[in-house]
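Please put together the full structure from these sequences, using the hints given.
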Amino acid sequence: MGTALADIRRKAADWLEVSERSRAAEALAGATSTADAGTGTLPVLPALRELLPRAGLARGSVVAAAEFGLLCLALAAGASADGAWCAMAGVPEAGVLAAAGLGLVPERTLLVPDPGTGWPQVVASLLDGCELVLLRPPPGHVPAQIRQRLEATLRRGRGVLVVAGDWPGAQVRLRVLRQRWTGLGDGHGRLRACCAEVMADGRGEASVARTRWLWLPGEDGRVTAAEPLDLPAGLPAGPYRPAELSAERPGLRAVSAG
Amino acid sequence: MSAPPPRVMVLCCPDLRGQDATVVTARRFGRVVAAVTGFCPRVEVVEPGVCAFAARGPARYFGGETALATRIIAALAEFGAPALASVAEGLFAALVAVRQADPVLVIPPGQTTAFLAAQPVSALDAQDPATESGADLAGLLTRLGLRTLGDLAGLPASDVASRFGAAGETAHRLARGLDARPLAPRPPPADLSVTQEFDPPETLAEPVVFAAKTLAERLHAGLAGRGLTCVRVQVKVTWADGSHSSRLWRHDGLLTASALADRVRWQLDGGPAQAAPQKDGQHDGHYQPGGIIALRLAPDQVVHATGQQLALWGETVISDRVARAAMRVQALLGHEAVLRPVLSGGRNVSDQVTAIPFGEKSEPRLPPDRPWPGRVTGAAPGLVFSAARQAEVTDAAGRLVTVSGRCELSAEPARLAVAGDPPLRVTGWAGPWPLAERWWDAATARRRARFQLATEDGRAWLAVVQDGRWLVEAGYW
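If you're matching them up, the sequences are chains W and F in order. Sequential numbering of the first sequence, starting at 1, is according to this note's numbering. Sequential numbering of the second sequence, starting at 259, is according to this note's numbering.
Simulated restraints on C-beta separations:
#, chain 1, residue 1, chain 2, residue 2, range
1, F, Gly485, W, Ile146, 49 to 57 Å
2, F, Gly485, W, Asp220, 50 to 58 Å
3, F, Thr702, W, Leu177, 40 to 48 Å
4, W, Gly234, F, Arg704, 32 to 40 Å
5, F, Arg683, W, Asp220, 27 to 35 Å
6, W, Gly157, F, Leu462, 24 to 32 Å
7, F, Leu601, W, Gly83, 14 to 22 Å
8, W, Leu231, F, Thr702, 43 to 51 Å
9, W, Gly169, F, Trp691, 40 to 48 Å
Rather than coming from a laboratory, the hints here were simulated on the basis of the structure. These figures come from a predicted structure and were not determined experimentally. Ideal Cβ positions, reconstructed from N, Cα and C, are used throughout, including at glycine.
Here it is as structure tokens:
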């Protein structure tokens, strides 16, 4: 009797896992199976693969994005859709609805909006439970000692730390060079999609800079690679520099590009 | 059927009786009560000149109810206060009996109902002076042919209640020898909490955690012995300097003794609530505020243990690993610091996600499956500012753009300056989309016009005009 019950339980658990996995696979939009799951990378959305050296987020590594935004959420979405737990620390304004549209599963997400002054310990605790932790460190310089301690924690576990901000030791650095929203006219329309040029560089195998045009998000809410022919008109010629503005309006004070 | 009320002794001093008691008689009666207190400490003054107390204890001590009454009367006679005494089941019966006492009338146990049944209904005015309808009701009952309390007690209670109301119901209960109100039997809540004190104060964490495990086993045994479990458990740690830390942990009957001990350890990591934050790297088990003197585990929201059913599907199973990590962070920052988002409904971007503390039931604040006309459709913003940021939207000439009550724009927006940032040229815009919310409630009513603005840096914003001010609620990037 007891063994029969245990058998049923195990079958149900297997079934659950299979259905969960298949849903995750759907969310990955027909991506090829992540056969090497568990061997060292967390899966990412298919459109982001070409940007990352191992077509995924290397476990135990730090990935830095220049600032918090849809790119950070997109980085977390792939792993979350594949069944990983994600935590977001220090980002009270994270748009969970947008993240869910990109593929993040809210049920497997923890939010720690304000980790306080003891944030390194909070992040270390979160890394014990979650495979991906998205962190925006408090403004200011993060002491090298704290960085190294967190990186050591990271290497012991199997998690990935996505930092929204500056992190000198990051294996991969990503940033949006320029972007443009489509769908808005002069007084009509609504925001539909955003075309963004994303650059990735970093250390080691990521040291060659790669640049890709992405729909972040596309009209269907997913992240896809943008074909050059589809790029909207009126894209800025290069990365945006606020200094141009002050040149145009001499009355305003000059603002540094940093 | 209610149990008969306990036996009550009533003492009546006819000389001191009466509603028009003067100060002198009141003072004399005060001395009488003080003298009675020598026999029984808990004396209740029913009205001037009459007092009552529970007879069982003193009667056993002084060798019987009659002996007790005789002794009290003898003691009062020395004051010059002749008294009458009666003993019966319930205050009302004793008050009726004391009128016939000479000087002592003891209704034997079990015969109170028979004694009352023989009394005329006019005896109802002996009930608490607080209920003054006794005399009126007695007259009415007599005219209806109900001459004795036995006649009244013979009627069905529901009929008496429907004919005479609350007063009739009370009279009926009294006539049957019951108390005026049915007892609401509520046994005092058992104290299920467990406490361990440390003397001398314990400065190391390990012995406290070890003691916590034993305590948790005692707590669980106490709960299980009553067929109970608790939703949460409160862990309270007291330090020698008086500071303490008290925290509630989700339990749901799921925590084993060692899991509960883990919670205690995490709570100790956080240190006392009032103490200064410890410097990093000092978490080696030594606590500054002079050691721990007491550890208390108290079950919160005790419920009947009905067992646990594991979710088969439809619910994300939280693995132990994640739960442990989340609770560790909760131990550091507090219960409300770790949240789980739930997509919900609502017309504003900030309403569309409900964040619920980890461990609590995930339910959206506004149901997501309603149409919510007026919500902003299209792409969702990547940033939803927890507090809307001040902004200024100006037209090409630099004047502030305003929206009239009829939703007309004063001019096309040309520049957006979000508080703290340099102004940006607007490259595309849409709106205004009016939204009047909760107009039926003056306190929460809001009239707003919303815009989507794209700026030259490639980003886009959700801006709102409310009361003539511009706010930025969300950012698209």
